[in-house]
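What follows is each chain in one-letter form.
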Amino acid sequence: MAGLTGRMSTVVKAKVSKLLDRAEDPGETLDYSYQKQLEQLQNVKKGIADVVTAKKRLQMQEATMQQNVVKLDTQARQALAAGKEDLARTALERKQLAQNELQGLDQQISELETQQQTLTDSEQKLRAKIEAFRTKKEVIKAQYSAAEAQVRISEAATGVGEQMADVGLAMQRAVDKTEQMKARAGAVQELEAAGTFDDLTALGPGEDDIDRQLKEIGVGSAVDDELSRMKAELGGGAPAAPALEQAGAGGSDSGASSSLDDTIASLDQAAQTPPPAAPPSEDPSAS
Amino acid sequence: MIVRVFSEGQYEIEDGAIDRMRELDARTQAAIEAGDDAGFRSAYDELLALLRNEGTPLADDDLRGSDLMLPPPDISLAEAQSEFSDHGLIPD
Numbered sequence: 001m002a003g004l005t006g007r008m009s010t011v012v013k014a015k016v017s018k019l020l021d022r023a024e025d026p027g028e029t030l031d032y033s034y035q036k037q038l039e040q041l042q043n044v045k046k047g048i049a050d051v052v053t054a055k056k057r058l059q060m061q062e063a064t065m066q067q068n069v070v071k072l073d074t075q076a077r078q079a080l081a082a083g084k085e086d087l088a089r090t091a092l093e094r095k096q097l098a099q100n101e102l103q104g105l106d107q108q109i110s111e112l113e114t115q116q117q118t119l120t121d122s123e124q125k126l127r128a129k130i131e132a133f134r135t136k137k138e139v140i141k142a143q144y145s146a147a148e149a150q151v152r153i154s155e156a157a158t159g160v161g162e163q164m165a166d167v168g169l170a171m172q173r174a175v176d177k178t179e180q181m182k183a184r185a186g187a188v189q190e191l192e193a194a195g196t197f198d199d200l201t202a203l204g205p206g207e208d209d210i211d212r213q214l215k216e217i218g219v220g221s222a223v224d225d226e227l228s229r230m231k232a233e234l235g236g237g238a239p240a241a242p243a244l245e246q247a248g249a250g251g252s253d254s255g256a257s258s259s260l261d262d263t264i265a266s267l268d269q270a271a272q273t274p275p276p277a278a279p280p281s282e283d284p285s286a287s
Numbered sequence: 001m002i003v004r005v006f007s008e009g010q011y012e013i014e015d016g017a018i019d020r021m022r023e024l025d026a027r028t029q030a031a032i033e034a035g036d037d038a039g040f041r042s043a044y045d046e047l048l049a050l051l052r053n054e055g056t057p058l059a060d061d062d063l064r065g066s067d068l069m070l071p072p073p074d075i076s077l078a079e080a081q082s083e084f085s086d087h088g089l090i091p092d
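If you're matching them up, the sequences are chains F and B in order. Taking this note's numbering, I'd label the letters of the first sequence as residues 1 to 287. Taking this note's numbering, I'd label the letters of the second sequence as residues 1 to 92.
One or more hints might be untrue.
What the hints assert, rightly or not - In silico contact screen, one side only, chain B against chain F (beta carbon under 10 Å); selected entries:
hint : residue
1    : 7
2    : 9
3    : 13
4    : 22
5    : 28
6    : 67
None of these hints come from the bench; they were simulated from the model. Every residue gets a Cβ at the ideal spot worked out from N, C-alpha and C, and that includes glycine.
If we strip away everything but chain B, and leave its shape as in the complex, we get (with noise of 0.2 Å):
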């Protein structure tokens, strides 16, 4: 599975990671919700740790399309409640 994280770049995972990434994603999201700041900032932060110690980085060449795109790691809880618009990621 290749995964994207915003502004640092792309690894590929064993799928044998997702349930934890997903655990975690769901705790991020919790975070999130109850307005959480240092419960969303550790939960995402494991998110990222999870994926770059065992996630291989994908070369600069390699133009393959991700299966999962993640924020950027300094994604604020503010930036992260607000429903993500497309505004500004492509432009019209």
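Chain F with its partners taken away, still in its complex shape (with noise of 0.2 Å):
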């Protein structure tokens, strides 16, 4: 057969025959080969090993995103709260993209779970085969000892040598798998760590822009609050809600989405009611 079939038994065939060829004692090349399959399944297994580790870090990184997407939140509010509608976009739009971020990862983190589980199934079928090449293995070299027909030993040593031919294929399948899965959660990775990223939401020990310009809001609404006081006993004014109105004003000077649009309504709303105090603990620009 010329087609795919014929390929493969093609390249089998001549690998068995040259391993056969130069076996001076197939016994021992048989040991050999079974000592290599036995360290080739330590590969998968170190191989594996490394995928879980790189799972989890990437789910280090999702923990870290989430908070992240949390303080965004709460900056959002908080510079709403503070009339600081501009402000509150760009944490909104921030969190926007962390959250679909957050997806991204999460879609990785459960391809790599499949993945995984996988890859620990054929490690045991793996486990299994190279078991029953053993065996098979054992019954040759006896054959061998006890001086049989030449041309029998022959036969079941290609048969054995086809086995040995399968295992380690599935192996470099294994091997090959591993590796793959290994350069993707890398490079998943190597694009959260320096990627768009880091500098849109940099959560560090530092404050960020968002930070330092909320302080700035806070020594300026405490002014506000003076003012609006002050405005309110002086023309008996109904306080000015500055959050509503700037957001009439400035809806679609920024381009955001309907969405963030939404978000910020029913932020305003929030803001109307009693501000939602911020959780200190959330903000490292408290402490």
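The task is to assemble the complex, starting from two chains supplied on their own in separate frames and drawing on the hints.
This is the structure in structure tokens:
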């Protein structure tokens, strides 16, 4: 057959006969191959362990990103409560980005999870195959030492050689697969570490620009409060609702998506009722 | 005729099935060359099904060599497209 089967058969047969031709003592060759198989199995196991490690790192990144989302949400509320709608918008935009990224991470992690399971299953199958190979190898060796008909031995050795090739190929594919998965997990991680994300949502021990601006607002808002109180006392007018007014005026200039506008609108409402106090523990600038 | 399916095992099949196997093998190969994933999958699955339905699995302690060898059932089109190398088949 000339097609797929033909190609496969040719390659394997060539490899097996090369192995058997050069073998002075088939028993030794088989023992050696068996040892090699065990070593390769260790490689597969190590590969799986690496994949698990990579997955854990991604999960840690996911947790950090989740904290970031909470922080940005808090910042947006603080900004809005202070009437800084532009700042609130910035925070919400970043939050949206972070949430998108979270979704991507989530998908990567669950894919890694599935593949890890597949690899673990195939590792167990490989183990069984190697054990089967060991048994056959012992049969061959017994035949060889009993000096049975040479023809029959070489026939059997061919069968075991194929078996060896079978295990070898399965092993090679498992190793390739773990390599691919490691590379993929690594790539996602690199993207996370160096990518668009860090500068947008920098979450470190130090404060970021949103924190800084919030601090300025903190000062400014005290002044604003004083001013509105004064205005109320003097003019008898109702205390202004600056956030709502600005929402009407500045809604179109940033080109934000409508979902962002919705979020801002609902935050506006929240700001109208007693503004939700930001949990101080979430905000590094508070400490 | 004895056929080995990698990662699955060996089958003994009547020589009369060879023509049909050859035909399916040719279809598989044509799909590989055309880069037709669905065609490749269906042709190769059919080839494997023929073998499993009409062939008799060899016992584990049967040590005969195979006349033909088929790649693992879950082989991808990309893997099938690449020239099979002997890399990894048998430890050097």
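Hints versus structure:
no.: 1; hint: 7; result: holds, 5 Å
no.: 2; hint: 9; result: holds, 9 Å
no.: 3; hint: 13; result: violated, 12 Å
no.: 4; hint: 22; result: holds, 6 Å
no.: 5; hint: 28; result: holds, 5 Å
no.: 6; hint: 67; result: holds, 8 Å
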